[in-house]
Amino acid sequence: MSETLTVHGRQYATYLMPDDADVIDRIAADEERTRAAIVRRFVHQGVVAHNAQRPSGATGAED
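Residue numbers for the sequence shown follow this note's numbering, so the first one is 1 and each next one is one higher.
Hints in this document: simulated from the structure, not taken from any laboratory. Cβ atoms here follow ideal geometry from the backbone N, Cα and C, with glycine treated the same way. Hints are supplied without guarantee of correctness; some may be wrong.
[Unchecked claim] With beta-carbon atoms standing in for the labels, derived distance ranges:
1. Val-47 x Thr-6: 31 to 41 Å
2. Gln-53 x Ala-21: 46 to 56 Å
3. Ala-37 x Thr-6: 40 to 50 Å
All chains should be modelled from the sequences, with the hints used to inform the complete structure.
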């Protein structure tokens, strides 16, 4: 049985066996976790860069 499957915008020509749906679900979940980890890293780097630009001893609170 041949199908076209789209996972995260990518199309795959597939010849599915009944057990293959689990494999495809795991691949999609892995891609989603990887994407989330990349976003977290960029956000973390942005926070670190922002904090590095503050004068030393600055707390962010006005006296």
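Status of the hints after comparison with the structure:
no.: 1; hint: Val-47 x Thr-6: 31 to 41 Å; result: holds (35 Å)
no.: 2; hint: Gln-53 x Ala-21: 46 to 56 Å; result: holds (49 Å)
no.: 3; hint: Ala-37 x Thr-6: 40 to 50 Å; result: violated (23 Å)
Going down the numbered hints, you'll see the structure goes against just number 3.
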